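Start from the sequences, fold in the hints, and give me the full structure.
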Amino acid sequence: LAKTTQPISMDSYEGQEVNITCSHNNIATNDYITWYQQFPSQGPRFIIQGYKTKVTNEVASLFIPADRKSSTLSLPRVSLSDTAVYYCLVGLNYGGSQGNLIFGKGTKLSVKP
Amino acid sequence: DTGVSQDPRHKITKRGQNVTFRCDPISEHNRLYWYRQTLGQGPEFLTYFQNEAQLEKSRLLSDRFSAERPKGSFSTLEIQRTEQGDSAMYLCASSLMLMGITLHFGNGTRLTVT
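Note that the protein sequences, when read in sequence, are chains Y and U.
According to this note's numbering, the first sequence is numbered sequentially starting from 1.
According to this note's numbering, the second sequence is numbered sequentially starting from 1.
Please keep in mind that the hints were generated in silico from the structure rather than gathered at the bench.
No experiment lies behind these values; they were computed from the predicted model shown.
You may find that some hints are simply not true.
What the hints assert, rightly or not - As a list, the in silico EDC-like pairs of lysine to aspartate or glutamate whose alpha-carbon atoms are at most 16 Å apart:
| id | chain 1 | residue 1 | chain 2 | residue 2 |
| --- | --- | --- | --- | --- |
| 1 | Y | K108 | Y | D11 |
| 2 | Y | K105 | U | E83 |
| 3 | U | K57 | U | E78 |
| 4 | Y | K3 | U | E44 |
| 5 | U | K14 | U | E83 |
| 6 | U | K71 | U | D24 |
Following this line, the structure appears as structure tokens:
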């Protein structure tokens, strides 16, 4: 299972774009990259997932370079409600037998007015 | 919204007592996971089921912990002889096998052992 490394915390202001980078140097060929968001006293919530290049949805964009050893979650024009912990997770997506999906400590994003 | 449901949301118990938590996954999901989360840490994997089979258990899951998923539907996590170190948020998640790391989490059961 690929281990991930993220910054412990980040600060931003409302309206700014925030980029959170995750390192996963030993990502396997069939691994996908998934990001989750967690608010206090709630379970993590799926944000976005990708395999290579760029993925965009209504919430965020995910940039994955060609070597796939890192990925960057981009949150456009953050608001106070984006204050949360963001986790990067790497593993098999389609089928696969692994169950031990490892969350790191995540990145605590604080958005200020 | 038929998301993952966990019951109870909060549980306060005295050390040495047994507690049981329940998780109802999204109905068509065949995989079910239990995680534990303490303050400031990410979720730690405990165990997971594919249908009714318990396929993997973490070393964190001591012999005081047991999980079941009868008939491949809801799951229970029991902790016997609770200790203060068991105080944590217990999270349940479910997924389709074909969507491996796209997990749908419940809002957890917060356990406080006094």
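Going down the list of hints, with the structure as the test:
no.	hint	in the structure
1	K108/Y <-> D11/Y	holds, 8 Å
2	K105/Y <-> E83/U	violated, 24 Å
3	K57/U <-> E78/U	holds, 14 Å
4	K3/Y <-> E44/U	holds, 14 Å
5	K14/U <-> E83/U	holds, 8 Å
6	K71/U <-> D24/U	holds, 12 Å
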